[in-house]
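Colleague: So you can see what is in the structure, the chains are spelled out below.
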Amino acid sequence: MDNPEPTPAKRKKGLTKKLVLSMLLVGALPLIIGLLLAFYQGTQEIREVNGSSFEALATETARKLDLVMADEIARTALLTTDIQIIEKLEHTRDALSELTTQELALTLKQEQEAWNTKDADILQRILKGPFAEVLQKHVGGTFIDPGHPIPVITRSATRGLYITDHAGRVVASLDSDIPYLHREEAWWKGAFHNGVGQPYIGQIAFDSPRGVYTFTLALPIMDSLRYEAIGVLHRIYDAKEFFAPSIDIIRFGKTGHVMLIDSRGVVLSCPILPTGTTISDTSLIPLVTPLHAGWTPAPSDGHGGTAASIIGFAPLSNTNPITQISTGQTWHMFVWQSSGEVFAPIEHFFKWTAAFGLLGVILLVTLGYIAANRISAPIRRLQEAAQQIGRGEYREPLTLSTGDEIEELADEVNRMNQQLASQFAGLESQVELKTQEVKYLEESTIKILDNVPDPVLMIGPDEHIEYLNKASKEAFAVTNGEIIGTPLFQIFSLDPATQNRLKQEMHAVQVLEPPYSDNTNTKPSNTSLQDPLVPTNWAQSSANRQEIRINQRTFRYRWFGVQARPGRGPSAGLVLRDTTEESILQDRVIQGEKLASLGVLSAGIGHELNNPLVGVIGLGEAIQEETNPEQIKEYARGIVQHGKRMASVVRDFTGQSGKNLTEGQTLINLNELLEQSLTTVKDLFPSVPVDIQTHLGPIPSIQGKALELGQVFTNIITNAFQAMQQGGKLDISTETSGHDLEIRIKDTGPGIAATHLPRVFDPFFTTRGQGEGSGLGLTVAYRIINKLGGHIRMESEEKQGTTCLITLPVSNAHLAKERSTVS
Amino acid sequence: MIKIRGHRTGLSMLFLTTILMGTGFSSSLHAGESNSLKNLSPEKVADFIHAIVEADRQVYTTHIVKRMQEQGVVMAREDWENKNAIPLPAQFLHISSKLVAESGHGIRFRLISLWPIYRRNGPATDFERKALEQLSLNSDTPKRGIVSTGKKRLFQAIYADKAINDTCTTCHNSHPLSPKRDFRKGDLMGAIVITIPLED
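Protein sequence lines, in the order shown, are assigned to chains A and B.
Each residue of the first sequence is one higher than the one before, counting from 1 in my numbering.
Each residue of the second sequence is one higher than the one before, counting from 1 in my numbering.
Every clue listed holds true.
Quick list of in silico lysine-lysine cross-link-like pairs, PhoX-like style, CA-CA up to 25 Å:
#1 Lys152/B x Lys98/B
#2 Lys64/A x Lys83/B
#3 Lys44/B x Lys143/B
#4 Lys151/B x Lys189/A
#5 Lys189/A x Lys152/B
#6 Lys98/B x Lys189/A
#7 Lys143/B x Lys130/B
#8 Lys66/B x Lys98/B
No lab work stands behind these hints: they were computed from the structure.
Here the structure is a predicted model, which means the values were calculated and not measured.
Start from the sequences and build out the full structure, keeping to the hints where you can.
Modeller: This is how it looks when you write it as structure tokens:
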């Protein structure tokens, strides 16, 4: 709900986009994946094919070189089988064996010096002797074996050829630029092999006198029985010149070629790298120098390039056993082509396929866009129709002839449109009716409220006035337009304290209101909702009465809660009543009542005092005329008695007893006091036939004035006797009930009328005739009992009798006990 | 008679002792060393060596190469060093021959043939050639003789070497460098030459 709904335009683009994207995903993704896979597979296959080709080329070239080497060894070996040489060397061996070690050493030394000093004899013997001639013939190609002509290349690559004997001395040589003794040379030792004899191929090294890189072939010369070695044939080759004719001619593509390296990575021959150098990336050496043929993807080309490359390699299988046993080195063919050239076909293929792929994607997007539009256009029309129907606008039937599900959907929409149109017609009339009802209710409510004489206001949650009736406008002298929306306290000029109180009361009412709910089953609470116009007994609710003064006028008011409208905070209603006049009237009534009471009181007092006063006056007049002193005294006593009676009336009225609560108090036995009072009253009414019954229980004494309590009991019992002039039954009982003492005085007189019962304790209220009672007896009794912390109650039913119930607190009794103990 | 040369005496003794122990003659050697040595003719020494060499090659051929190949473990082939294979029986003999020569006792043995695959294995001397020719007529009797190179004299004994199984004939009949391709099992293929130095 919170998400902003996409606009129709966005939605339209969204569908087309999605369709195009889907087509792209379905069409282009497999295309791209296919291209990548093809590229990967192509690369792999080209690698495989090239690698295998390189391996085959390396193997073939290695085999060729093996044959060249084997042939070279075989041709050179022919020299070692020359019978003249063998016989000469056998002879030399035999001659040397006859020398002692010292003689041999001396001879060798002398001969070496002669050789070093270019002694003519020795030079003649070695360079021009018969064996030298054999060597020259061999190199010159005129050797005796017609089946093995010496290739020109081999001849031209030869840089040295000489024969050494059993002691390592040079016996014959083509040139003199060599040492004389070779017994300590590695090649000599290797080929002689302690007389066993074996071929020796030396590793490539720079030959300083000759200024080229050379390698050595040394073959043992065995004796005629092939029993033991008797000398060594030594041949030095220019490595480059020897191998180049076999290797350098093999070129393919722009960069493809083969090269010969040894297991140290030193180049023996390469069309690009100079002989004697080591390949640039030594990490390649272990990769390309195993003792089997193969190919490998390599991180570099060994020629200084760092591009990944493919290298084919193959060992010289037949030559390597000899080089291995001779120097520990092995020789390997190395076939290489630059990676750019190797992978050129696949890159070419990839570029073209990528171009076609891109073209395909563009076509896909274009055609996809057209197709998507064809699909989305009718959907858009459907959407617009649905929107119109949604807004309640009846529209013409939609005609789509796509011949697929969209057309069916359009038919459905048309049907829905018709159904909705028919249903809307009924609904509209109902809505109109309801609207009219609501309008009527609103108007009637306003009219009712305007006819209410009291001001009624509606206050919003922000304390602004939402409504006020006619009475309000009149009371506050405002017009509707001015007041709606203004803050309440702008028109109620009140002090801040009162404002706060009103706000609190208003918010309390608002909070009490349950929130508005659409659920009609939720009935508002009866306690909080009430009709503000129900007449209220304002006088009876005086305890909760709330008043405010506005513009020198007094208003009583009451808040009531109002259900909030949907989406708005709760409102509060305020009903006011102008009580200014009422208050004045009530004050007057109270004043009048006060005056009336004073009149009754004066009359009562007058009446009570009048009788004894008449007696006093009468006795005074009688004294004036009486001479008998005894009679005068008698009259005087009468005057005194009447005076005491008047004093008693005055004392009762003024209520002196309230002045000193505890003064003159003694411990009183109520039972005794009751009996005394009963006796006194019985004497006053000797002729009244009353059946007296007493049930005086064990009750504690209480603190009080005997005279006062006696007056209470006397007044009550007197009332009972007076009520039972025609006879009856008087029942007096005392008992302890909880913390109270209960004294019950019950008569069987005519009872007190219900209308009189509430007033029996009022002063001067009496049902007897003038002069029969003061109307103060029960008033006095009430005051005395009240003073002692007790209660007095009259219970009566007409024609059933009256019961006077007096309760006095036992705590009073305890208190009395404690006090008596202390005192 | 063999006269062991100067400083090599000890080593030669050890070699001979090893051979004789292997052939069951150690007890007689120990029983009367000096007399036995005087009576030990080069013919006998050559016979001993031939017996050992033949036995060794037979064991290698029958119990190693044949079984290995039958079980597919490893093949015997000429370029064994480069192909993860084992040597052919003839190569086995060459290798052991080279090791014996390198040991420095002076005794050599090698294979020769009138139809060698490699020319170096042809007869080196007329004596060897004649011996081969004679053996082709009568292979049971070895040819013995004293030969010399310069002043050095040596005793040679040449024993017939026959095709002991089909493997030998198959290989020689199919090898591109082989000059003879109709060997059959049991045919004389060449000879084993045992050379022992003699000292005057």
